[in-house]
Amino acid sequence: MTRFTLFKTKKKSTFVKAAILTFIALLVMGILLFPVYYAFIVSLKPSGGLATTEIEIIPKEVTLRNYKDILFGHYEGNFIASGGAEFSARAATIKFTNATIDYEIKIENIEGSTQTSMSIMAYYITEIKEEENKLTIDAEKIETLGLVQNVSIHGGRVVVKLYKGLIEDTPIGTQKLTYIGNNTYEGDEITLFIDQRVRIKLDEAHFVGYNPIGINIYKIGGKFPNYMKNSLILAGLNVLFTILLVVPAAYAFSRVNFAGRGHILYFYLIFTQVGGGLGIAGLVALYGILLKFGLTNNLVALSLVYAAGGVPFNTWLLKTYIDTIPTEFDEAALVDGATYWQVIWRIIFPMALPGIATVAIFAFIGGWTELILANLLITNEGLRPLAVKLYADLAIIRELSWTYFTAEAILFAIPVAVIFFIGQKWIRGGLTLGGLKG
Amino acid sequence: MKKIRPQVLAAIIFIIPGMFAFLFFNIYPIIYSIYISFTNAQLGNFPIEATKEMYFIGLENYRWVFSDPMFRRAFIWTWIFVITSVSLKVVAGLFLSLLYTNRYVYGKPLFRALLIIPWALPLLFSVTIWRFMFDPVFGPVNILLKDFGVANPPRWTDTFSWGFIALNVIEVWLAYPFMMTVITSALQSVPPDLIEAAIVDGATYWQRLRYVIIPIVSRPIMFATILTSAASFQYFMVPFIFNAGIFEDRFMLLYGYRKAFAASVPNYGRATAALFIATIIIAIYMFIVMKASKLQRGAAE
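Heads up: the protein sequence lines correspond to chains A and B, in order.
Residues in the first sequence are numbered consecutively from 1366, following our numbering.
Residues in the second sequence are numbered consecutively from 30, following our numbering.
Source of the hints: derived by calculation from the structure; they are not laboratory data.
All figures in this text were calculated on a predicted structure; none of them were measured in a lab.
A portion of the hints provided could be inaccurate.
[Unchecked claim] The calculated label-pair distances, taken between Cβ atoms and stated as ranges, are: (1) Leu72(B) with Val1665(A): 24 to 32 Å; (2) Leu72(B) with Glu1569(A): 52 to 60 Å; (3) Ile1545(A) with Tyr135(B): 55 to 63 Å; (4) Arg239(B) with Lys1588(A): 54 to 62 Å.
[Unchecked claim] Coverage of chain A stretches by chain B, computed from C-beta distances (three or more under 8 Å per stretch; other residues unrestricted): (5) 1617–1623; (6) 1763–1773.
[Said to hold, decoys possible] One side only, chain A facing chain B, incomplete, derived with CB under 10 Å: (7) Lys1382; (8) Leu1415; (9) Ile1645; (10) Ile1654; (11) Gly1674; (12) Leu1759; (13) Phe1777; (14) Ala1778.
Where is the CB? At the ideal position from N, CA and C, for every residue including glycine.
The following block holds chain B by itself, in its conformation from the complex (with noise of 0.2 Å):
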């Protein structure tokens, strides 16, 4: 007994300082955030109170937020950006995976090596790079697509629409490292045998796709589906950078950080709501997602 406690007294010191630190910036933020969406935080009584007092308003926030057109486009647009990203990397992991351990290709460690690039790179600096590719003026997309005969070129990084396709691709684009890295592993793993086998049989490249490798694979390539759409699902980091006026009210995340930070009257109370009722979608879907994935991993054991 006497030899435990000074261990586990120095175990507490030891611990301390990183878990106030964490408690201090991280917990308390979130449950002083859930206060205020509770209250008619506004520019004049937050942070400090000068013009206007604080005080509790009860759901007042939230039921404003829910009735928000723009919430609600923010809510419905977070769900499809989620189903049209998330299919179009696991189509383009799928393709690049099988290009890149197809035996006829040459050089494939070399390829794959260099293919990781973009994972080295700071998102910060893909995303700007991705805003100068899409340039209605100066971007070689236009540039390119003014080649190919098309007279106005579309504007990519001030229309929505427009915008939204672009950043499919961005999306695209910063997780095929990723989906690659999963889905190659997982190929690498279908017995040859197998393969040979069917070779033997007849089957086509096709039918040996169809019936023997995307049944073996689908289970890590779920795992990465899983994880990539949790990622779309919080998407605001790229949207903020690319051009957060147009997107502001189709990303959910995004729509609350501009309630509070980027609105002529910056109105806390219903940011905070915004924000609170987004993370709670995105905890549930995390939930149920980790749920998943968990027996998608003990299902694979």
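Same shape as in the complex, but just chain A (with noise of 0.2 Å):
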């Protein structure tokens, strides 16, 4: 009976302690991913979204609109409709302030013109026609620039909000509205004609200007795909100039004794183990150098320079991992006669493969991401890789918005995460065979 007992609680303190270190790993590792994690949410979120008073685990709204704004961009304009127009919108809404009155109306699934000249300011232009004393746009929000007089307007539910003055000042009246309540104001199918001067904002708006004068039609964003193309043009060259420049050397330094081998492989390592200070020490003369040459804004020479510094490593790696290729196979086709070219390109790169692998993945994840020498040396706008790109604009974060900044540094970390874990395999065999993980 005792012992009955004694298991029971046992089994039930188990079970607690279970239940409790369990949870607090669980907690851990939310702490410790919560970054990423709310990186990727906020990257979700409308621009102008971002809460200063409270975190969003989970989002209330979701949108692609920050990705679809990096990578496409969209249009905005303003012009000026100097012979009236006219519009229709799913809501707008209109407000009007002096001394005496201060209003805001809200109607839906609105129709309207004037007569008079109106200055309008677009945005989310989703489309645009332009035929003689004519300019159509359909777009997400167009807004009044400035102040516009002698509106007519049909439109379906009204709410009229009143912060100062009477109902019966604003141009609708008390005709047709019932109040609400706290200052609000109802109604349905208004019929009115604004003859104060207001501001009108709508929303999903169809709009026609006539004598359309200083139109300025212009593309916000969308230049990501070019910095996405140069950071590729980067990666891949250094990718090549890699191999081009490592396999045959790891190849020689495999197979083929030679006085000064061992030399070379021994400053090869000492480098490969300070290279990062000394790659810094450096930096100074190298701007110099590509300076002086005129190699700056050239992407060709940044991938030959980040290929030289990846020389060390890359070849020890692709040493070491071609003495685990028996001598045999080389050894038989270059006494069947076949040259040093047709062994490397033939039998060492097939079945050195997954070295190669290892070396191609590194030598692209660092070309993708490399900063500092891309900074300096790239200063031309349209050549700059996306690395340099998201550096730039986090010193400048306080003019663009945090979701769509996480947007773009989520479309810069993808790729590499993506190679990260379909490599992996690759990577951590290359890592071991390379004596670098203790």
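Both chains are given apart, each in its own frame, so use the hints to dock them into the complex.
Here it is in structure tokens:
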């Protein structure tokens, strides 16, 4: 009996312990991975939707707008409809304020027109058509720039919010409106003429402006693919140069015994160990040399610099890999009269593929993410890679928004993370072979 | 003899392109940098002599750097950072390894697989998202602090003292996958019989940890500590991305970089002198560390 109880309490305490510790493990992991998760969540929020007072663990509103803007961009523009305008919109907000009255009218399914000149700003333009004396714009949001007068309006449901003054002084008056408390009036099917100078904001608008002048339509964002292209060029060329510089050399180091071989290998190994600090030490001179030779703003030269910097580490890595391939294969081929190039590309290349893949992955990630040299040497905006763009945007984050920035950062990180996880096996194998893992 | 000759020739042809690229883009700049550090290289005479003449000035730059209070501060704070960040990294690594090898924790493989995610992320990405975490207005850290009633939460991103704390947090976060992987594999090598025996003898968890587990895993921990301290010593990228301005007189490499590329009047001579001094200090440290780690390896066998 006593034994039984003892057993039971032990089991119970084990269960409690397991529950508590697993919960702690979960909590700690949540805290550690929170930054990555939160950056992802924020990138899905509408711009300006980032609260300063609360952390939204689960987003209330999800949009791919930031990503769309970064990848494709959108159009914005302004012009003056000097000959009046006609418009329709899903909803409109009309604001007026002066010393005696201050109100805000919200109207659904609005149609309107004016004969007077109207200056507008359109955001997220979806369609634009220019004809003689006429400009038609479909946009997500259209705002009046400055004020507009003498507008006739017909619309559906209306809500009037009165901040100051009397309802009689608004263009609607009391006709058709019911008071619902809190200085708010409601109505339906309203037709009115506004002779006050008001500010109008239209949502999902179709806008026709007559005699347009000062048309100014421009693209916002969408420059990202170009930065991406530059990063891809850098990463791709780095892979190419690395393979060209490293594969034959690794083969030679592995197979041929010549005077000075050990010294060169030792020299490479030492550099692999202290390379980081030395790299920055040589930065000033490298900058000077490349500037003198006119090699700044040159992606090919930059990727060659990257590949050159990786020669010691990659040669070592690949040499140790080729060492594991039995020499019989290439020796037999050489006896049969194959040239060294044939041996390298027909025999060593396919057999050392996992090792070469590791080197290629490191080269690709290195070229994609390198910041210091690219930031220094690529000053031409059109040639800048993603990493530099991201770094530059971080400096002006107050003018950007974190929602936009995190989306950029994620687009920058995704290729690296994907390649890392795909190549994980090879990377691990390569690292173990390189003797770099404890 | 005749058979070897073409083989060696081919080997040399295969090695030369990589070797040449490496010598030209890495070794030559380092030697050239040393030369620059003995000249008056600055805006106007470097890289192209335009308005001024570039000439040899001996050890003047070195004298200047050693007497600059900013460099001295950078030297001291580099050491302070090594001490604080390495201690935190070891403590965090040990804590996480113990937690995620604990036999009462369920789903350990999944936890460990997810926890190394930061490893797969590029450094630039990680630091920028941490910069967001510490944003004074929109950052979750300060939002949380405000929730706990802190009226004026710290300005992490533009003051040094708070920024230094942020930098330590970031460094721990960046290094924990490595520390955890090394320490976890060490912990898993502790023979279970030994722990069972200690349990039978009535040892508490802390006693087991203190007298059985820690002595066994202390060598791999030392090894990881040495490697990670070398990384802390060469700290450059993280303060550079986070906010280079507030850390330029706190990290030696950053100090040199900023002297050349972020000063209103770039003085390349002084910058290279500072970078060269920093490199020598790091090289000495690395040399000692490599000797020590080899001793560790030798002793472990």
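- [ ] Sort out which numbered hints this structure fails and list those numbers smallest first.
- [x] none
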